[in-house]
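A.B. asks: Here the structure of chain R is known, so what remains is to put chain A in place on it, guided by the hints.
Each chain, written out:
Protein chains: 2
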Amino acid sequence: MNASSFALGLDFGTSSVRALLVNTANGHEVATASTAYATGDHGVMTSPTDADIARQHPGDHIAGAITCVRRVLELASAKGIASSQIVGIGVDTTGSTPLPVDAKVRPLAMIPQFARELAAQAWLWKDHSSHAEAAEITNAATNAGLPYLTTCGGTYSSEWFWSKLLHCARHHPQVMAAAAGWLELCDYIPAWLCGMTDLAAVPRSICAAAHKAMYHPQWGGLPETEFLRSLHPELARVRETFRSPALASDQRAGTLCSAVAAEMGLPAGIPVAVGALDAHLGAVGSGCGPGTLVKILGTSTCDCMVAPLSQALPNIPGLCGIAPESILPGMHGLEAGQSAVGDIFQWFVQKIAPQGFGHGDTAHTLLATAAQNIAPGASGLLALDWHNGNRCVLTDPRLSGLVLGLTLATTTPELYRAWIEATAFGARAILDRLAEYGVQVERIVTCGGVAEKSPLLMQIYANVCERPLLLARSGEACALGAAVFGAVVGGAHATVPAAQAAMTSTKDLVYHPDPAQVPVYRELYALYRQLHDAFGTTGARDLANVMKDLLRLRDRVRSAAV
Amino acid sequence: MNASSFALGLDFGTSSVRALLVNTANGHEVATASTAYATGDHGVMTSPTDADIARQHPGDHIAGAITCVRRVLELASAKGIASSQIVGIGVDTTGSTPLPVDAKVRPLAMIPQFARELAAQAWLWKDHSSHAEAAEITNAATNAGLPYLTTCGGTYSSEWFWSKLLHCARHHPQVMAAAAGWLELCDYIPAWLCGMTDLAAVPRSICAAAHKAMYHPQWGGLPETEFLRSLHPELARVRETFRSPALASDQRAGTLCSAVAAEMGLPAGIPVAVGALDAHLGAVGSGCGPGTLVKILGTSTCDCMVAPLSQALPNIPGLCGIAPESILPGMHGLEAGQSAVGDIFQWFVQKIAPQGFGHGDTAHTLLATAAQNIAPGASGLLALDWHNGNRCVLTDPRLSGLVLGLTLATTTPELYRAWIEATAFGARAILDRLAEYGVQVERIVTCGGVAEKSPLLMQIYANVCERPLLLARSGEACALGAAVFGAVVGGAHATVPAAQAAMTSTKDLVYHPDPAQVPVYRELYALYRQLHDAFGTTGARDLANVMKDLLRLRDRVRSAAV
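Residue numbers (this note's numbering), protein chains in the order written: chain R, 111 to 672; chain A, 111 to 672.
The shape of chain R in the complex, shown without the other chains (with noise of 0.2 Å):
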């Protein structure tokens, strides 16, 4: 009998890195660690004088690796498995977080000269200090009528790679100058994991590249030259350190080198995986396929479904963005999101902390036991789940959170079911997107803290959406999909759907619509799109019926339930 091989995922995340061991015959998940970054605010580097700064220091992440790597050998050590059954590791971290590196790809912050200076550092993907580039850039390519935007909404956003560069070259030029060239965190990884000494040799995500970078073959790769000349002198400079084609994840970046293999404990020589963005890889754990949609729920979600790369898929408005073989090879990768799910219950435990609920995690339990007694329309209550802006369908930051139907006797409970279904109100009205464009969702499954943590928030959604919804068995899904393409790098499977199929399934628990709570969440619906379109779009609707509608739906639904 041949002895099991195994893949390892490294997740790196906002606050932490998780390393997970992985059978790649039966996606067994045998050891797990995880290590908090040392420096800043749980890992987060920020300023006193601007608020919208978030930096990361690279040495955190290599530290936390090499620690958890370590720890999660001991583990498997325990239970009989040798370093030599890893066959692969796959990576993947939050993106865009763009880092400067010297021309040995050694990261600036990491060299004594540069070591205290924020801009030098890995500039995390909710850094907003280069909102006003965003809109430079946004401008720019909408005025030359340049096609770059067409995959991503319309809009460039701060937290994207040009956007940063394009600050740092405006506002700390030493730091700019001293970069031999700028990689994503995703980048990086591998290419220290692999020893890389030359920036042109490293490859790069096509994940990250095409999302964020506005990469597409379809324009020969990055944006041209002169494009990126005409904002700052120094893009063009970067562009040219790029190596093309980006690349997806089933192709390896290289094998670890003996350095890092030997602070970690483990052989050199192992492939080490293309990386890729922690949600795209989170999709590829739970199963995403060709008719599974995958939604990452957590403080925000990201919404995450694959199309062949053969299929013409149409601009869909609305869409965060598609972009080829973000998600699998071979495939388009399309993206929506909500901007705000669990940070809205999260606000509402932290900030308005209605009294008699504890805190944490237990006024999120107390609220929930409490909301979920209240049957649907009861409350009267109706919101709009924009308190972060809307990212999908209409992409617009600058809208706001909304609630109405409050009365005397509004409750706390009755306000948090409030959120929740406004939540899933946003969630149907992506799906419908997808359906008018001819998407066909035929399975939905689900990962991420938010969908583990609340079963009132998965049977609302389920009934809301109309649909089952499926939870991805992996608690860590975004690691798991790095260990998927570590096992396919490493060579245990020749193509990453069957990785998947070996390595990742569902759980038994499914979410079934409630056949008597879905009339109701029909007309409250109805309701929330009337007041999602006639705030978020151009356009005079008469709103006279929304409140009587709601105190009619209460009332109904009360003296049904005597």
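Errors might be hidden in some of the hints.
If several chains are the same, the list does not tell them apart, and a pair holds so long as it fits within one copy or across any two.
[Stated by the list, open to error] Listed next, the in silico BS3-like pairs over lysine-lysine satisfying Cα-Cα at most 27 Å (straight line):
(1) 461 - 236
(2) 189 - 461
(3) 189 - 617
(4) 563 - 617
(5) 658 - 563
(6) 236 - 658
(7) 563 - 236
For the record, the hints were derived by calculation from the structure and aren't laboratory data.
C.D. replies: What follows is chain A alone, placed relative to chain R:
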């Protein structure tokens, strides 16, 4: 030197009765006392099977009045004031609070056979058990093309006289059959004080009759017999016991009878004024007169104005009512109001109960202190104050509260301020409506618990309404208004204006509009009106600007503050 003369005001509120002894020459309040009602929950008798029921035991009114008058006389005596110096008594009560009586003016509730019968008690103003009957009366008057609702906004209320009698006739025929007639509480109290034993001789308050029982000289008093008979024959029978014409409070109801005088410790024979409703006498006690709007700011608000009867007033849509002599003799009484003001802040403190601000008054104080430091517009929030419907100018109970502009950073002091601002915008809408119909408001005087307790609210109201706000000198404006009429019927003053000039005044403290805040509030009020009209009236409107304008305003205000 003549001895000073004094007038006694008796103010029958929802939970207690207050007696106030006032110097008729200068309004000096020499003694006051209040007594809580003994029966039920804070004086209100409720039913486990019908949450809409709110009744009061008339024995509580009698016992309470005797107790607190005796206490006031003790306090006055200690100051060297003799009961013989009291020249007149005035009375105000809640309403419409009708109670059934026998032919000798004894409340049925005080006859053993009916003592435990809820339907035989006084039906408190906030009793809503007659909502079906109210709708029936509205439909009947409207369908018959009768004018009875023209002076009360077009809709008859479940809180009013005929709704309650019709409900009693339908559901408690034995009580209705035993009742020789029904009196408003403000008619019963003077009848009791004067020892009246002939129902047909009891003077009726024009204030209560005109605002609550569709009484108007224009159609000869109460609605015609045939109309009432078509609703129920018992209503036609009750109509026949009504002494017409109804009278203003500058008229004597009679003189204090020896039996009650003995129980109170007063000399018999003191003149007693015809009663009136508490809000209207609160306006009198605050100095209401031509050009002066009195705002009584409490759980809800009541806005009172007068205009000479010789002046032809248009029907002003959205007012609660225009009634002859309901506030001052010789004047139209105009009444408007907001259905929830203090109640909204109370709901937020009690039901939402944000942590970190304590409970009750402490919470109001701490939230107001924190809200004080928030610049207008800086929260980005905008709310509609319709938690209990909208009394004026939309006269629509089927509306609900709304707040928008919510973000993940929204705090509870910001919400607290937004609720205050929403009620201020509602107050402004009433002022605007009066101005549209040519009613000139030259001066605004406020009274009531909220006006006394919340400098933050007063300043915001001044800024939003763009007018100075005065405060009535007396903290007991209703009882003082009753005393004003006591002084008039007692002959201390020849006219009500003369009595008001002597006995009422305002405090030195005046809230002036802050020129720095007025412009921002104009912008916010325009957005409030946009929401107000969109949700409160029919007709299509474009709301796409609302959230964006609020965010722009927020950003502008915040950056200006740096």
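A.B. asks: All hints are to be evaluated individually against the structure, with a verdict given for each.
C.D. replies: Each hint, compared with the structure:
no., hint, result
1, 461 - 236, "within (21 Å within a copy, 35 Å between copies)"
2, 189 - 461, "neither (45 Å within a copy, 54 Å between copies)"
3, 189 - 617, "within (25 Å within a copy, 83 Å between copies)"
4, 563 - 617, "within (14 Å within a copy, 58 Å between copies)"
5, 658 - 563, "neither (35 Å within a copy, 34 Å between copies)"
6, 236 - 658, "between (41 Å within a copy, 22 Å between copies)"
7, 563 - 236, "within (24 Å within a copy, 44 Å between copies)"
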